[in-house]
Every structure is written in structure tokens, then in C-alpha cells.
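Based on the provided sequences and hints, a complete structural model is requested.
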Amino acid sequence: LAKTTQPISMDSYEGQEVNITCSHNNIATNDYITWYQQFPSQGPRFIIQGYKTKVTNEVASLFIPADRKSSTLSLPRVSLSDTAVYYCLVGDPQGGKLIFGQGTELSVKP
Amino acid sequence: GAVVSQHPSWVICKSGTSVKIECRSLDFQATTMFWYRQFPKQSLMLMATSNEGSKATYEQGVEKDKFLINHASLTLSTLTVTSAHPEDSSFYICSATSGRGGETQYFGPGTRLLVL
Numbered sequence: 001l002a003k004t005t006q007p008i009s010m011d012s013y014e015g016q017e018v019n020i021t022c023s024h025n026n027i028a029t030n031d032y033i034t035w036y037q038q039f040p041s042q043g044p045r046f047i048i049q050g051y052k053t054k055v056t057n058e059v060a061s062l063f064i065p066a067d068r069k070s071s072t073l074s075l076p077r078v079s080l081s082d083t084a085v086y087y088c089l090v091g092d093p094q095g096g097k098l099i100f101g102q103g104t105e106l107s108v109k110p
Numbered sequence: 001g002a003v004v005s006q007h008p009s010w011v012i013c014k015s016g017t018s019v020k021i022e023c024r025s026l027d028f029q030a031t032t033m034f035w036y037r038q039f040p041k042q043s044l045m046l047m048a049t050s051n052e053g054s055k056a057t058y059e060q061g062v063e064k065d066k067f068l069i070n071h072a073s074l075t076l077s078t079l080t081v082t083s084a085h086p087e088d089s090s091f092y093i094c095s096a097t098s099g100r101g102g103e104t105q106y107f108g109p110g111t112r113l114l115v116l
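Quick note, the sequences are listed as chains D and V, same order.
Residues 1 to 110, numbered by my numbering, are exactly what the first sequence covers, in order.
Residues 1 to 116, numbered by my numbering, are exactly what the second sequence covers, in order.
Derived from the structure by calculation, the hints contain no laboratory data.
The structure displayed is predicted, hence computed values, not measured ones.
Each residue gets a CB set at the ideal place from its N, CA and C atoms; glycine is no exception.
Some hints here could point you the wrong way.
[What the hints assert, rightly or not] Lysine to aspartate or glutamate pairs mimicking EDC-like chemistry, simulated, CA-CA at most 20 Å apart: (1) LYS41/V with ASP11/D; (2) LYS97/D with GLU52/V; (3) LYS41/V with ASP82/D; (4) LYS97/D with GLU59/V; (5) LYS97/D with GLU63/V.
[Stated by the list, open to error] Here are some, though not all, of the chain D residues that point toward chain V, as calculated from beta-carbon distances under 10 Å: (6) TYR36; (7) GLN38; (8) PRO44; (9) GLN49; (10) VAL85; (11) LYS97; (12) GLY103.
Following this line, the structure appears as C-alpha cells:
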């Protein structure tokens, strides 16, 4: 399973754009890249998933370069409620297991 | 999006007793469910993979006789912590996937277990 590396923590201010980069150098051909958000004492919440290039939904964008060895989660105009731990995972979504790394603890300040 | 529920949301039990946690996929059929545990300030640790109608596959270091997993239907998996001890106190989270191409895993809200 591909191992992921993310910054342990990041600070930001309300209204700013936040970009969290994840490295996954040994990603496999069948692996997708998925990002989750977790608040204390809650299960992870799906944010976005992609395979290559760029994916955008109503809450975030995911940028994946051609070599797929890294990915960047972009959160536009963060608010205080975006303070959470963000996990980047790679794996085969067809029933494949996901191994969580340490995640990035994002702190959004007023 | 897909909804996964867990019951109970929290449970307190005495040492030596067994506790059952249910995980349900509410609006889709889950061919595969996963069980995780999470200690305070730590990441999620995968315990086992459960496929409907077959035996669960446990991760290295997880005692299969202590953490009994049953995936009897496409919408329900259960985790039973047998002879619970204080060190089993943790946050248990399940996830489910339909297994279709490109389908991701959806997580339940978690169950807080406290063993006294």
C-alpha cells in the first residue's frame, strides 16, 4: 500500500485559501487519491477523490500532477469550522483497504 | 452521499464483559466493511476487513478471537469486543464501500467505548 506524507500541522486565517500537499511516491496504477476531514470524536468525512489532473466539487479542489506522486487539496476561503484533521489516502477503491497516515491538523484562526 | 450509521454511539462497560457494535449502510449495499480504532490524538488504525458472507481479514497484531467481526448481510457488520479490558477503551469507527469502480469508503460516526 502506498504510504503518504503530509505536513503535521498548518495554520491559516479565515477567508484564506489553504493548500495541503500530500506525497505518495509509490502510488500504484489502480490507486485513487482520497481526502477525508475529521473532527474530534467523529468519523472521517469524505471530501474529494481523484485519479489524475484536477477534480473540483462544492467544497474543495484536488490537483494531481501527471506523475501522480503527490496531490494538493485546496480549500477556498476557509472558515473557523474548517479546523479539523485532514487525511490523504491512496488505494484501490474497489474494496481495497485504506491505511491512514498521521494527517494534517489544520487550525483556522479568526 | 452514502450514509453509514453505528450503534451505540458510546458505551461504558465493566472489565470482562463483551460489547457489540453495529455498523449499517443505510442507503447502499456494502460488499466490504472495515473496522478501525482510534486512540486520542492518533490516527485511525485499520483492524480488519469484512466481506459479506465470508470471514473477516484481520490486520497484523489484531486478535481475531478478541475482536469478533460478523458481516451477515450487505447492510450490517458487527464488531464484538470480547472480555473487554480498560486497554480496549478507544474510539471504534467502521467504514463501508459498495466496491464499484471508483467508489470510495464512507465512514460511520464512531463508537466511544470505555471499559472500567
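Results for each hint:
no.: 1; hint: LYS41/V with ASP11/D; in the structure: holds, 18 Å
no.: 2; hint: LYS97/D with GLU52/V; in the structure: holds, 15 Å
no.: 3; hint: LYS41/V with ASP82/D; in the structure: holds, 18 Å
no.: 4; hint: LYS97/D with GLU59/V; in the structure: holds, 11 Å
no.: 5; hint: LYS97/D with GLU63/V; in the structure: holds, 18 Å
no.: 6; hint: TYR36; in the structure: holds, 7 Å
no.: 7; hint: GLN38; in the structure: holds, 8 Å
no.: 8; hint: PRO44; in the structure: holds, 5 Å
no.: 9; hint: GLN49; in the structure: holds, 5 Å
no.: 10; hint: VAL85; in the structure: holds, 8 Å
no.: 11; hint: LYS97; in the structure: holds, 5 Å
no.: 12; hint: GLY103; in the structure: holds, 6 Å
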